[in-house]
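**Student:** Residue numbers (the numbering used here), protein chains in the order written: chain A, 1 to 356; chain B, 357 to 633; chain C, 634 to 1301.
Bear in mind the hints are in silico, worked out from the structure with no lab data behind them.
For every residue, glycine included, the Cβ atom is placed at its ideal position computed from N, Cα and C.
Some hints here could point you the wrong way.
[As the list claims (entries may be wrong)] Here chain A is said to cover these stretches of chain C; the calculated rule only asks that three of the stretch's residues, wherever they fall, bring their Cβ under 8 Å from a Cβ of chain A:
hint	region
1	639–653
2	677–683
[Unchecked claim] Derived BS3-like pairs: lysine-lysine, alpha-carbon spacing no greater than 27 Å straight-line:
hint	chain 1	residue 1	chain 2	residue 2
3	A	Lys82	B	Lys398
4	A	Lys265	C	Lys1081
5	B	Lys437	A	Lys66
6	A	Lys198	A	Lys210
[To be verified] Some chain C residues judged to face chain A by a derived CB distance under 10 Å, without partners named:
hint	residue
7	Met634
8	Tyr636
9	Arg674
10	Thr803
11	Ile808
12	Lys1106
13	Tyr1109
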Amino acid sequence: MFLIKKNDVLKLAQELEKSYSVYGPVVEKESGQTFLAKVDNVTDIDLNAPIPSLPPKNILFPQIEKIIGYKYDQSSKNAEIKMLVVPEAKALFGIRSCDLAGVQCLDRFFMGQEFVDDVYLEHRKKTFIVANTCTAPFAQCFCACTDSGPSAKEGYDLNLTDLGDVYLVEAGSDKGKELCEKMGLEKSDNSHLDAKVKVVDKSLDLFEEKAVENKAWISRVMNRITTGFIKPEIWEYIGDQCFECGACSFVCPSCSCFNIEDFNKQNGTTERMREWDSCSYEGYTRMAGDHNPRKPIEDRRNKRFFCKLSYSQSQKYLRPGCVGCGRCAWVCPGDIGLPNVVTYVRREITEREINE
Amino acid sequence: MSEYKVITVPEVAVIKEIKKEIEDTSTFYLEFANPEVEKNFKIKSGQFIMCTIFGAGEFAVSLPPSPENDRFHISVRNAGKVTGALHRLQVGDKVGIRGPFGNGFPFEEIKGKNVIYVAGGIGLIPLRSSIVHVLQHRNDFGRIILLYGSRSPKDLMFQYNIEEWQKIDGFETFITIDNPAPGWTGEVGFVNTLIEKAQVPVDNTVAFVCGPPIMFNSVIKDLVNRGMREENIISTLERHMKCGIGKCQHCAIGRTLVCTDGPVYTYKQIKTLGEQI
Amino acid sequence: MNYKPGICNFCGTGCGHLLNVDNGEINGVFASRNHPVSKGRLCVRGWHIHELVRSDDRITAPKIRKNGKLESVSYDEAISYAVEKMKGIKKPSEELGFFASPRSSNEENYLLMKLARSVFKTNNISIESESGQRNSLDVLYKGTGMAGMLGSLDEISKAEFIFVVGTDITKQNPIVGSEIHMAARNGATVVTLCSRKSQIAKLSDMHLQCNAGSKKIVLAAMAKSLIENKLYDADFVQKNTEGFEGFANSLGSLSDSSVESLTGLSLDDINSVVKKLSQAKTAMAFFSSGISGLDADTISYIYNLFVVAGKIGKEGCGVNPIAGIANLQGSYDMGAAPDLLTGFQSVKDQDAVKKFNKAWGSDVPAENGKDVYELLAAKKLKGLVVVDHDEIIVRQGDALKALDFVIYFGAFNNPFTEYADVVIPIGTYVESDGTFTNTDRRVQLSVKKVEPIDGIQPGWKVYTMVADKAGAKWNYNAPAAVMAEIASVTPTYAGISYDKFKGIGGIQWPCNDKYPQGCKRLALDDVKGKVKFVPVTANFKGPEKNDEYPFLLMTGKAQHFWHQNNLMRRTFIPMREYNATLLLYPNGYIEISPADAKNIQVRDRWPVKVVSPHGSMKVTVKITDDVKSETAYVPYFIQNMVSEFLMEHKELLEQGEDAIIPVRIEKV
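Only chain A is shown next, with the shape it has when bound in the complex:
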């Protein structure tokens, strides 16, 4: 393990810049929002900025992306097809532990199942990840309930923890270690690891005071969601509040549904686009020939929360699908961000227990 002076921490990004396009938390000035943006200048990176508006999903699995291109000449019958995905080597600098947990969900889902998604693989294989421990939670956070923070336990190349005047730099991979050694970083000792434990404990203690927007004790509802033992009225109550905008899926670090469309260009070529999709849309499951197995909105909501909070889905991610970032509550035009859904379900469980 290594140390780097607080004022020097961006030198890590500078070093990474030599081999990677660096993405880091940057505050967009006019809107005041943080984005994990491709940095023009590493000094724009703000490691203390609030969690970015969008998770790193956007970088590894873009909102919209050309995956293949083809041209078919009707007269000569000549067909040319080529892959259009040419991702660059990317360093994700200073991502929060919840977002890293989201990346791990995506990794396991896209690369760890029967098939490897080669588009995602293209993005992912040249990635360097620098995580950043949260020394205090933000208002919407509940990573403590989803076992995804405040400090990352795995999945990073480097993990930073602010210890006051220095950052502890934990290497989680060979290439992480090599980078530290190449930069000649000072070695840390046990006292620094102890200090980190204190920082993490303090961060957890601060949840009561600071993470005031969300309380999502998800463990209690996972069993109910998995077994489906929830009153239909609860799903109706949730479904009535769904505006079918798709936002919860888009901002979720682990949601990975996509749509594919062939888009014909005026020059006679076609681009096959893949873009984020959402199970809240009516057209999502609709099949040719008029049959839609998942038509009522409450069915579609039910599906999303099953994905986030069931054991069976957890088996694909090797953790709950929800990583506790709280973004879905930010963007929901109804009032059915995941923490609220958990509350509604828990309320029902409690009522049932009182009645029984």
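Start from chain A and add chains B and C according to the hints.
**Tutor:** Showing chains B and C alone in chain A's frame:
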């Protein structure tokens, strides 16, 4: 993975022959442009492919040919934008193919058993592969019975195939149409009425069922009432699919993905999926 | 930083977003969390606006029709040709029309308006038949002098009582609907007056599910109850208003018994809502002003009800029409109307006209112009200038073909170009700076995000080129200069300039010396004289059904059946959602109640024949609890759906959302 799969970039295939089957459904015989692919492309009965019609898009389609000694083809109903574009193509035109994907029918487990096929309309398309395969291995199975129903005589698929199959020893065929039609002397009524007529056995028997949801549900009910066990009723499900490899999630039913866990399920499995079929 | 702040360009809510711009390509969108209206939310359309702006289906070169075919030419040639055509018109007041787009920026609409009036000498400029918006602005202007929403969307959270009249608001302007829902979650009382069980009705504390076509009667009954039970704000009325007696008198002929029979609501229910309205310190009313908006009389009743309740001119209060299209409010602000100059100044207002004559160095034509439909009906029209439209073709295709020439300006390929003799491309809204005024009078700057595609000029520049070619010397170097001129001739925009657009959220007009940072809501001391009650009719006839036509058919929009389908067609997911409904119900649908379905003996998705005194159509049944027994609902205006039948009832449809057609429904 030892099997050869085309995941993202389709392989180009040429339409070698087009055969009109019924009103809105035709069979397209295909051959890969690249001889290497043509050689290595192996399918399992019950699998599906993703077929790109250039300039229109991609659709999932089941594979009617048997894995052995059968020409590679797909049979497609003109049902929308992309399949409509396919129907406008001619011999010599090219399409893109990804796959094959999906689990396929469980032939090893059903050896020695009676095999019943119950199909409604174009539901015979995904079952054709299995029928041909089972008939190619006639001696591995007991009774082989096809119960087939459609709206009218002109909606019956693969009639020339059925005539061929009937020549094979012990292949029993029962065909019905929904309403009487001029010149039709066969059975009239829904396909589930054939179950009784054919004296379908239930012990040591598997049934493959495929057709529209209403037909599917009533056939299942009759088979189960007759005493057939739910794990011996096999079907292949259709869903809106985009990727074919378990990633886009369009085909998710409860905890299962039709493209990778299916499309072949037993009725026992289907019942536990927790969603409408 | 690859995320650039901007404004959503679909509906009139004016939500803030950030576009992900990489290498000149727009690769995504994210909601603006600090935007005062949208606060981090977008709807299904907003979340996919990148699909639209990256569309390749653009008009890539100016074109002139030669021997029946459009051929690419230079801008100079196309503009010369267009100017020659327009200059050739002898009587522009009858023979030349301009059809502006409620989607163009303020700067573009201002310049088009200036082009029509000062260069080509006609007041014939109008936008789509958004009669609901014009009706709303007229009522509010007559009553208060303010031709725009009286309240502010960012004060919805401060309203204790929210009254939604008609409008499927969570579908049409979802983020406004969301804001109302959030207010309800925080304790506000939400009441929806609507014959259909819309989503907002389900989310309301109380749903007044009145008989189809009886909203006006409910509103009148509410006002009457307020007055008779002395629950109205007498102080407010006495101090701030005039015309109360007249309004109170017009309610006299409404009897309690007729209220119950005509509306299907109990007086108790109406009285309890009235009590809540009266007890609330603050209250807002919302209604759609779009293509299926309300008629002027119903709007007047809403307005008068809120005046008598004393719920205007205060924080958290207001009568709030909701515009369906991005710059619908701005288009009226910019004088894209035959009788209006900018800021609702009348063409007949001599002082205003003098000001314009001086600023433009050219005289504004003296007489009011005509809108495009009037022009087509008068059959003297020879030439039409159109910006970014396709809807009119549905109804007026043959009349358009008969014109001498059509000049089309637009960014995307459009069916309208088939009618055009000259096609002149302009940039999209992300390719130049421009301001857009949303439904709560919020003027917001949308800055240029990407370079225009090869050789394409932005709209403001193209109109300047047209003016130059016609001999006028316009010297604008940028949209900011256009806004400076708008500010100089428009009292409500007087204080607006591009250097004031810092940060997120824009400026709500009136913006002037008194309100340099804009003004959230109507200020009572700005009203000239007193607030006026607006005259209403005392016609309380309900729609009539009879044994022959026992159903009352309502019309409206569904979320994805959204106007300007020419835009939706360039998206993937919003279009898929549109097609989803169309595939389930390929011939459109008619909603009927389960009880009626049983009577007619039909099941969901079975075909029925709908017969009115004027015609019939075949359509598929959608069975739902959302409509009451003996009423039915069809989503309307889609060319490929049921519009032919509805067009037979054009006059009825002009009553907007309350247009009710008595029909019978037969099993096929």
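**Student:** Each hint should be assessed against the structure and marked as holding or not.
**Tutor:** Hint check results:
1. 639–653: Holds, because 3 residues of the region 639–653 of chain C bring their Cβ atoms closer than 8 Å to Cβ atoms of chain A.
2. 677–683: holds (count 4)
3. Lys82/A with Lys398/B: Judged against 27 Å, a Cα distance of about 23 Å means the pair holds.
4. Lys265/A with Lys1081/C: Distance ~24 Å between Lys265/A and Lys1081/C Cα, so the pair holds.
5. Lys437/B with Lys66/A: holds (21 Å)
6. Lys198/A with Lys210/A: holds (18 Å)
7. Met634: This hint holds: Met634/C lies near chain A, its Cβ roughly 5 Å from the closest one there, short of 10 Å.
8. Tyr636: Since the shortest Cβ distance to chain A is 5 Å, the answer is holds.
9. Arg674: holds (5 Å)
10. Thr803: holds (6 Å)
11. Ile808: holds (6 Å)
12. Lys1106: With Cβ-Cβ at 35 Å, over 10 Å, it is violated.
13. Tyr1109: violated (25 Å)
This entry does not satisfy hints 12 and 13, going by the numbered hints stated previously.
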